[in-house]
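Letter by letter, the chains look like this.
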Amino acid sequence: MDFFPLWLSLKVSVVATILTLATGLPIAWVLARKRFTGRDVAEALVVLPLVLPPTVLGYYLLVLIGRQGVIGRVLDAAGMELAFTWRAAVLAAWVGSSALFIKAAQAGFEAVDRRLEQAARTLGRSGWSVFWSITLPLASRAVMAGTVLAFCRALGDFGITLMVAGSIPGLTQTTPLAIYDLVQSNRMAEANALSLIAVATVALLLMGLGRLARLRF
Amino acid sequence: MRRVVFLALALVLAAGSVARAQPAAPAVTVYAAADLDMAFREIKPLFEKATGARVTLVMGSTGNLAKQIEHGAPADVFFAANESFVDDLQTAGAVIPQTRALYAQGRIVLATPTKSTVAVRELADLLKPEVRRVAIANPAHAPYGRAAQEALESVGVWERLKPKLVYGENIRHTLQFVETGAVEAGIVALSVAGVPDVRYAPIDPKLHKPLSQVAAVVKRSARPELGVAFIQFLNGPEGRPIMKRYGFLLPGEF
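Top to bottom, those sequences are chains B and G.
Everything in the first sequence is counted per the numbering used here, starting at 1 for the first residue and increasing by one.
Everything in the second sequence is counted per the numbering used here, starting at 1 for the first residue and increasing by one.
Just to be clear, a hint being listed does not mean it is correct.
Unchecked claim - Below, a sample of chain B positions facing chain G; criterion: calculated Cβ distance under 7 angstroms:
hint	residue
1	Thr37
2	Thr122
3	Pro169
Stated by the list, open to error - Label-pair ranges, simulated between beta-carbon atoms:
hint	chain 1	residue 1	chain 2	residue 2	range
4	G	Pro129	B	Leu196	34 to 44 angstroms
5	G	Pro97	B	Val199	25 to 35 angstroms
6	B	Gly38	G	Gly194	55 to 65 angstroms
7	B	Trp132	G	Gly52	35 to 45 angstroms
8	G	Asp88	B	Lys34	40 to 50 angstroms
9	G	Val166	B	Val56	34 to 44 angstroms
10	G	Arg133	B	Val56	47 to 57 angstroms
Claimed, not checked - Some chain G residues well away from chain B (every beta-carbon gap over 12 angstroms; in silico):
hint	residue
11	Ile69
12	Val195
13	Pro196
Since the hints were derived computationally from the structure, they do not count as laboratory data.
A quick note: this is a predicted structure, and the numbers were derived from the prediction, not measured.
Even glycine gets a Cβ: it sits at the ideal position worked out from N, Cα and C.
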């Protein structure tokens with residue numbers, strides 16, 4: 001049994017989740033706290049990836065990052081290849097899962113009592129410090145929930161990854177793609193085994209993470 | 001929070017090191033239509049033994065694979081289920097025209113689940129009320145689906161059958177509908193129909209346009225000679241018997 005898809009999936013999902021945290025936290029905070037023109041548009045854009053069928057979304061991404069794509073040509077000139085590499089799978093997972101994280105974190109930030117933040121400001125804390133010591137800890141349950149959702153969505157992504165990373169065994173074939181391939185080839189025993197191992201691994205991982213999170217907060 | 005981030009980073013490093021321990025990038029990457037799945041899995045080890053090259057098989061719907069190749073997928077050689085996709089890639093300058101080669105003609109069959117008690121022997125039987133659902137591959141983009149539609153039109157049952165039709169994404173997906181007994185009958189490729197839970201009856205190839213399957217080497221392949229070698233191997237004395245066994249008509253036989 002080939003365990004490569006499992007490792008690849010874990011690597012891709014963890015990197016994608018870190019990326020989602022890094023980009024999603026500021027976006028969620030801005031959407032929760034700021035009022036600006038185009039905010040409605042921004043909010044619609046955030047959830048757009050959930051509305052489009054994944055393979056269609058993947059195709060648009062491929063058009064952007066492929067050989068002839070706007071982004072693809074820039075990367076090509078810089079000697080970098082994104083499409084059909086494991087990094088494309090990260091991109092796919094990030095695009096597919098960001099909305100889940102952002103909406104959860106945004107709701108968490110909106111629920112934080114602003115008077116607590118203001119009190120901290122009057123006591124001399126900077127905006128940056130208030131975010132890390134007041135807002136984020138108070139919204140931590142929502143942020144954690146969003147992170148778990150995003151991580152699981154990243155692990156399970158099929159359509160976007162299929163289009164931008166391909167399903168190349170040993171290079172870009174993640175667990176969902178490998179399982180699909182096995183089912184298509186009528187190798188049901190292997191497909192079932194891989195599904196079971198994937199589910200068990202993630203269940204253990206999430207249980208571990210949940211325990212850690214409870215200790216900290 | 002910090003501890004979670006630390007754990008995440010540790011995981012990435014662990015995953016990265018294990019992933020690197022895997023064998024280096026394969027030597028020849030073959031993109032092939034879903035109907036070739038079973039035949040190519042047999043041919044792969046033979047070709048590897050004969051040439052010493054490592055083969056990576058990427059199977060999928062012809063349309064999908066063609067799109068990926070057009071956008072720079074790392075394929076060395078492409079085996080399409082229909083020549084029109086290779087034509088398009090040739091126009092787009094993505095494949096080497098001189099390497100273009102016909103390697104088979106596909107055949108369609110009428111498949112039913114072995115568990116089913118409904119007798120379906122010819123296309124007209126599909127109209128029986130006991131046959132509630134019929135699966136074909138999506139004629140909009142799957143070559144075998146198009147052939148199925150043409151055959152149904154030729155015998156004059158297409159319009160009446162339409163409300164019963166279920167579309168599979170590709171030919172293997174269509175077969176799955178039959179295998180699981182989700183439909184009472186389906187039209188699939190002969191090359192994939194030889195599975196335990198399915199019995200099938202041939203459909204006269206005169207009822208549809210020939211399914212000419214064409215291969216070509218991809219222009220940006222780093223080792224085009226290996227792609228050419230794979231095509232030649234398939235069309236040679238070792239590949240042909242396997243392809244024949246999976247029900248393909250071979251060049252020179254039609």
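The hints, checked one at a time:
no.	hint	verdict
1	Thr37	violated (33 angstroms)
2	Thr122	violated (26 angstroms)
3	Pro169	holds (6 angstroms)
4	G:Pro129 with B:Leu196: 34 to 44 angstroms	holds (41 angstroms)
5	G:Pro97 with B:Val199: 25 to 35 angstroms	violated (47 angstroms)
6	B:Gly38 with G:Gly194: 55 to 65 angstroms	holds (58 angstroms)
7	B:Trp132 with G:Gly52: 35 to 45 angstroms	violated (58 angstroms)
8	G:Asp88 with B:Lys34: 40 to 50 angstroms	holds (47 angstroms)
9	G:Val166 with B:Val56: 34 to 44 angstroms	violated (21 angstroms)
10	G:Arg133 with B:Val56: 47 to 57 angstroms	violated (26 angstroms)
11	Ile69	violated (10 angstroms)
12	Val195	violated (6 angstroms)
13	Pro196	violated (9 angstroms)
In this structure, the hints that do not hold are numbers 1, 2, 5, 7, 9, 10, 11, 12, 13, in rising order.
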